[in-house]
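Going down the list, the protein sequences come from chains A, B and C.
Per the numbering used here: the first sequence = residues 1 to 274.
Per the numbering used here: the second sequence = residues 1 to 327.
Per the numbering used here: the third sequence = residues 1 to 426.
It is possible that some hints are incorrect.
Unchecked claim - What the simulated footprint calls covered on chain C by chain A, stretch by stretch (three residues with Cβ under 8 Å from a Cβ of chain A suffice, anywhere in the stretch; the number is not a length):
1) 64-78
2) 286-298
Claimed, not checked - Just some of the chain C residues that point at chain B, by a computed CB distance under 8 Å:
3) PHE121
4) ASN124
5) PRO190
6) THR254
7) GLY308
Calculated directly from the structure, the hints in this document are not laboratory data.
From the three backbone atoms N, C-alpha and C, an ideal C-beta is built for every residue, glycine too.
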Amino acid sequence: MRRVRNGVYILLGLLVAAVWLFPVYWMATTAIKPGRDMYSAQPQLIPLHPTMQHINRVLDDPAFWQALRNSATVTAITVVFAMVVAFLSAVAVARFDFRGRKAFLASVLVVQLVPHVALIIPLFLALSGLGFADTLTGLVIAYLAFAMPFAVWTMRGFVAGVPRELEEAAMIDGCTPLQAFRRVTLPLVLPGLIATSIFTMILSWNEYLVAYFLTSSPDRYTLPLWLTHFITSEGAEFGPLMAGSTLIALPVAICFALAQRNLAHGLTAGAVKG
Amino acid sequence: MRRARIVRARRITVRKEAVAVTVATHAAAGPAPAPRRPRRPRLPFLLIAPAAVILLLVQAYPLARVAALSFQSWGLAQIFSDEAAPFVGLENFQRILSDPLFWAALRRTLVLTAAMVSLTMLFGVGIALLMERLPAWLRRVVMSVLVMAWAVPTFVSTQVFAWMTQQNFGVLNHLLGLGQHNWYVNPVEGLSVATAVVVWGAVPFIAVTTYAGLTQVPGELVESARMDGASGLQVLRRVTLPLLKPVLGIQIVLSVIWDFQVFNQIWLLRNASPEPEYQTIGIYAYMQAYQGHDYGYAGAVALVNVLLLAVVLVVYVRQLIRMGDLA
Amino acid sequence: MKARLLAAAAAAALLLGVAACGDDAGSDDPNAGGELTVWLQVEAQNLWPKTVEATNAKLKEKYPNVKVTVAYQTWPEHLAKFDAAAQAGSAPDVIELGSTEMGLYMAAGAFSELTAHRGEFENNTTWVKALEDSATYQGKLYGVPYYGGDRAVIYRKDLLAEVGVTEPPTTWAGLMELVNKLNAKHAGDPTFSSFFLPGQHQYAAMPFIYDAGGQAAKLGADGKWDATFSTPEGITGLKNWKSLMDAGYKGDRTINDLTAFSTMVAGKAAMFYDSAGQMKKVFGADGDPKLKEQIGTFRLPSPTKADGFVPAFMGGSDIAVTAKSKHQEWARAWIAAYLGSASQQAFVDAGFLANTKGIVPSDPQMKGYVDSLADTWTLPPAKNWAAVEKNKIVLNMLVDIATGKQTVEAATDAGDKAIEALLNAA
Numbered sequence: 001m002r003r004v005r006n007g008v009y010i011l012l013g014l015l016v017a018a019v020w021l022f023p024v025y026w027m028a029t030t031a032i033k034p035g036r037d038m039y040s041a042q043p044q045l046i047p048l049h050p051t052m053q054h055i056n057r058v059l060d061d062p063a064f065w066q067a068l069r070n071s072a073t074v075t076a077i078t079v080v081f082a083m084v085v086a087f088l089s090a091v092a093v094a095r096f097d098f099r100g101r102k103a104f105l106a107s108v109l110v111v112q113l114v115p116h117v118a119l120i121i122p123l124f125l126a127l128s129g130l131g132f133a134d135t136l137t138g139l140v141i142a143y144l145a146f147a148m149p150f151a152v153w154t155m156r157g158f159v160a161g162v163p164r165e166l167e168e169a170a171m172i173d174g175c176t177p178l179q180a181f182r183r184v185t186l187p188l189v190l191p192g193l194i195a196t197s198i199f200t201m202i203l204s205w206n207e208y209l210v211a212y213f214l215t216s217s218p219d220r221y222t223l224p225l226w227l228t229h230f231i232t233s234e235g236a237e238f239g240p241l242m243a244g245s246t247l248i249a250l251p252v253a254i255c256f257a258l259a260q261r262n263l264a265h266g267l268t269a270g271a272v273k274g
Numbered sequence: 001m002r003r004a005r006i007v008r009a010r011r012i013t014v015r016k017e018a019v020a021v022t023v024a025t026h027a028a029a030g031p032a033p034a035p036r037r038p039r040r041p042r043l044p045f046l047l048i049a050p051a052a053v054i055l056l057l058v059q060a061y062p063l064a065r066v067a068a069l070s071f072q073s074w075g076l077a078q079i080f081s082d083e084a085a086p087f088v089g090l091e092n093f094q095r096i097l098s099d100p101l102f103w104a105a106l107r108r109t110l111v112l113t114a115a116m117v118s119l120t121m122l123f124g125v126g127i128a129l130l131m132e133r134l135p136a137w138l139r140r141v142v143m144s145v146l147v148m149a150w151a152v153p154t155f156v157s158t159q160v161f162a163w164m165t166q167q168n169f170g171v172l173n174h175l176l177g178l179g180q181h182n183w184y185v186n187p188v189e190g191l192s193v194a195t196a197v198v199v200w201g202a203v204p205f206i207a208v209t210t211y212a213g214l215t216q217v218p219g220e221l222v223e224s225a226r227m228d229g230a231s232g233l234q235v236l237r238r239v240t241l242p243l244l245k246p247v248l249g250i251q252i253v254l255s256v257i258w259d260f261q262v263f264n265q266i267w268l269l270r271n272a273s274p275e276p277e278y279q280t281i282g283i284y285a286y287m288q289a290y291q292g293h294d295y296g297y298a299g300a301v302a303l304v305n306v307l308l309l310a311v312v313l314v315v316y317v318r319q320l321i322r323m324g325d326l327a
Numbered sequence: 001m002k003a004r005l006l007a008a009a010a011a012a013a014l015l016l017g018v019a020a021c022g023d024d025a026g027s028d029d030p031n032a033g034g035e036l037t038v039w040l041q042v043e044a045q046n047l048w049p050k051t052v053e054a055t056n057a058k059l060k061e062k063y064p065n066v067k068v069t070v071a072y073q074t075w076p077e078h079l080a081k082f083d084a085a086a087q088a089g090s091a092p093d094v095i096e097l098g099s100t101e102m103g104l105y106m107a108a109g110a111f112s113e114l115t116a117h118r119g120e121f122e123n124n125t126t127w128v129k130a131l132e133d134s135a136t137y138q139g140k141l142y143g144v145p146y147y148g149g150d151r152a153v154i155y156r157k158d159l160l161a162e163v164g165v166t167e168p169p170t171t172w173a174g175l176m177e178l179v180n181k182l183n184a185k186h187a188g189d190p191t192f193s194s195f196f197l198p199g200q201h202q203y204a205a206m207p208f209i210y211d212a213g214g215q216a217a218k219l220g221a222d223g224k225w226d227a228t229f230s231t232p233e234g235i236t237g238l239k240n241w242k243s244l245m246d247a248g249y250k251g252d253r254t255i256n257d258l259t260a261f262s263t264m265v266a267g268k269a270a271m272f273y274d275s276a277g278q279m280k281k282v283f284g285a286d287g288d289p290k291l292k293e294q295i296g297t298f299r300l301p302s303p304t305k306a307d308g309f310v311p312a313f314m315g316g317s318d319i320a321v322t323a324k325s326k327h328q329e330w331a332r333a334w335i336a337a338y339l340g341s342a343s344q345q346a347f348v349d350a351g352f353l354a355n356t357k358g359i360v361p362s363d364p365q366m367k368g369y370v371d372s373l374a375d376t377w378t379l380p381p382a383k384n385w386a387a388v389e390k391n392k393i394v395l396n397m398l399v400d401i402a403t404g405k406q407t408v409e410a411a412t413d414a415g416d417k418a419i420e421a422l423l424n425a426a
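Work out the full structure: start from the sequences and follow the hints.
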């Protein structure tokens with residue numbers, strides 16, 4: 001019985017992996033198919049005549065590498081700041097009762113109710129008024145704000161889950177507050193921090209609209225901006241588009257593949273399963 | 001060396017204590033001690049200050065600008081002539097409410113949001129629960145695939161789905177043996193494809209964060225419930241889901257917000273030119289007002305959008321905040 | 001809020017007053033330093049980056065202390081970004097706009113009048129009329145024609161040769177015969193289109209209306225616009241368009257023309273009707289360079305006139321100086337340097353048409369486009385036509401006709417009402 005059930009789980013797990021993998025697979029294989037093979041009445045599930053033509057077009061474009069550097073910079077800074085800022089806020093709302101606490105929590109969500117498309121022009125005016133137009137700093141600030149609702153609310157849940165008694169016990173044990181934080185709090189909120197950082201990373205890596213409005217100089221393009229300039233001059237062509245997309249998604253995928261062990265560990269760190 | 005061992009030993013004791021305390025707290029099922037008044041009253045304000053400043057600058061201030069705009073007539077003439085934009089009272093709002101397209105788009109958006117959010121949550125939570133039950137290697141595979149899918153920008157995933165559902169050369173028609181079926185003549189089919197793109201893109205987020213939450217559910221709690229004779233389903237309903245409530249709550253709220261504003265997926269599937277039968281509120285707003293350079297009207301549509309979402313969510317958010325005090 | 005707005009308005013009024021007193025036009029001293037911002041669309045970045053560099057170098061010779069920044073924009077969002085930048089006071093000094101986008105901005109007073117400076121620009125007496133018209137508002141010039149583009153039929157010589165056709169058709173009957181031959185030859189392939197012609201492509205459909213003697217809209221004696229898709233000429237034209245689609249196109253009728261070229265590269269389309277840019281893509285970096293010898297163009301024959309041809313749509317771009325620019329003289333000098341005859345040759349090489357009748361592509365592959373120049377049309381000069389475009393009224397109407405969701409009569413009737421409401425709105 002148990003074995004049958006486990007078998008069903010494994011089948012379901014494989015099915016889930018297949019469904020979520022297929023479009024990514026299709027993207028990556030389309031990137032290496034010559035045009036003729038894409039337009040065949042019998043779609044090729046496996047590319048029969050792989051070509052590096054589209055990929056090379058991307059790799060030979062110096063603007064791609066510049067955009068990669070910009071995106072990496074913006075994303076890294078945003079992720080670090082998002083974790084710190086959200087954690088601080090989460091501690092405030094989870095641990096302290098203060099005037100305006102509920103208002104703060106509610107407004108973090110409420111500001112999210114407005115579609116970004118509608119906010120973009122006032123946002124542009126606000127940021128450029130402060131001299132952040134055409135700077136990577138401006139992007140970091142905007143992405144931090146976009147990540148805040150999820151980050152604050154998620155972190156709040158995790159911080160609230162850390163029993164205060166435990167930290168106090170650790171301090172009575174002779175730990176300094178910092179040590180107590182490192183040994184007790186951090187491991188318990190780590191899954192939240194990891195989830196937050198994945199969320200923020202993907203958000204800032206893929207964001208297009210704000211980047212388009214705020215950036216004018218080609219040497220400050222981020223990857224999504226580079227991609228649209230690369231392909232939309234006269235309409236999207238699937239080969240180069242998929243090659244560009246694959247190369248954009250790849251760093252994130254590799255990053256997570258490398259961090260896989262830590263990621264899995266992090267997500268289970270707080271698990272108290274023995 | 002010895003010191004390290006001591007530290008580790010201490011850490012283990014601490015962990016065990018954590019279990020005991022967590023279990024005790026959860027088992028008591030009563031409210032946990034509410035957040036207390038801080039000894040240093042200014043501390044919480046210092047802690048939220050960075051987030052507050054960023055939100056004020058990037059979201060609150062633009063929102064206020066949009067709100068002000070919605071009572072003005074603000075278009076190209078005002079932008080380029082340096083004339084002050086005239087206040088027109090509620091004119092923009094009257095225009096919205098008297099437009100039958102707006103109401104049709106609203107109905108469509110509500111139906112789509114309901115479908116997208118419920119499918120996303122169903123698959124997301126289901127996959128998270130499934131991951132818990134998988135052997136470690138497969139869990140790692142599923143997790144990697146989900147994160148990879150999550151990392152694909154929506155405008156790319158939409159193009160991939162568009163390509164997969166292409167009439168003549170799409171792999172979907174081929175796999176389903178549908179010949180040269182056109183998925184977009186009938187808006188119900190076309191919007192189903194859009195829903196599939198949205199759900200496909202949103203599930204990884206829900207699954208990964210729910211799984212992160214699941215790892216916080218003390219195993220002892222589940223085991224003791226089991227020992228009391230609870231079935232798997234009962235454990236899920238009585239123990240797991242209640243503990244996940246805060247995480248699920250915020251996920252649902254955010255999903256409603258995001259799906260209500262869905263834009264990219266439909267916009268791109270319809271070649272940046274969606275027919276009226278494909279227009280959601282977000283697309284309607286963009287086409288009617290934004291592209292028409294009528295920013296006053298655009299502001300009004302955005303404000304109506306916010307009010308509608310607020311009505312949908314107000315009860316829920318209040319509950320969430322209250323729940324936060326109990327967690 | 002209100003007080004702040006009033007203050008802003010007062011400040012703006014003050015500034016305006018100052019500007020009116022100062023001698024703005026002649027203030028750009030050759031040795032003065034400063035920054036000139038230029039917004040061009042991505043075509044310039046992708047197709048003729050060297051021309052842009054050369055222009056900047058030329059300006060540097062004349063004004064050594066001026067730093068030029070060229071920023072490239074994409075078509076979908078560039079107008080909203082322009083609006084935002086203008087509001088923030090950071091609008092570019094020089095901007096490219098599509099010829100159909102000019103009307104709205106000229107009417108809003110966004111650009112400086114160039115009528116008196118016409119002589120500063122090369123070829124100003126031989127500009128292509130459709131482009132010059134698009135940069136003219138109430139008889140005054142507000143932009144310089146940049147480049148143009150008309151439409152012709154693009155075909156694959158090898159696919160036509162397979163059915164024994166070596167010369168492209170010059171009559172409608174000949175075209176239909178060719179389509180039928182190709183259909184017969186590829187009868188076994190349900191994905192092959194003899195003539196790739198999807199519904200969401202107005203510049204392929206509307207020419208048939210002009211061919212039947214109609215137009216999109218006309219200005220009535222009462223000063224109001226009448227949309228004319230549902231006139232007998234309009235209906236005849238669209239029925240002719242649909243008959244070519246029914247005969248030659250097998251594919252998704254709800255899409256636009258942007259996948260036409262790749263379908264042709266894959267050998268799944270023998271002909272399509274589009275701009276020269278799309279023609280060049282067949283054998284460009286995204287296409288198959290080996291096809292270069294196999295591609296030809298011809299003028300689309302008329303279904304209504306025995307020896308006639310379908311009038312082609314003429315589109316393009318203009319470049320304007322923003323009214324708020326503080327460097328009017330530099331801006332004009334940059335445009336003059338950019339749009340000289342030498343650059344026009346670069347645009348022509350990239351597959352566009354020059355802004356002057358004086359430079360005609362000599363490439364035999366461009367024959368269809370050069371022939372089509374004999375009879376072109378452009379959209380009605382209504383300042384609200386942009387709203388019709390943005391609301392996709394024409395495109396949705398055409399898709400409904402193409403998919404058979406509505407009859408030509410019903411679709412055009414509804415379309416005309418919607419278009420008139422927009423065109424005659426304040």
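* Asked: Checked against the structure, which of the hints given earlier come out wrong?
  -> Of the numbered hints, 3, 4 and 7 do not hold.
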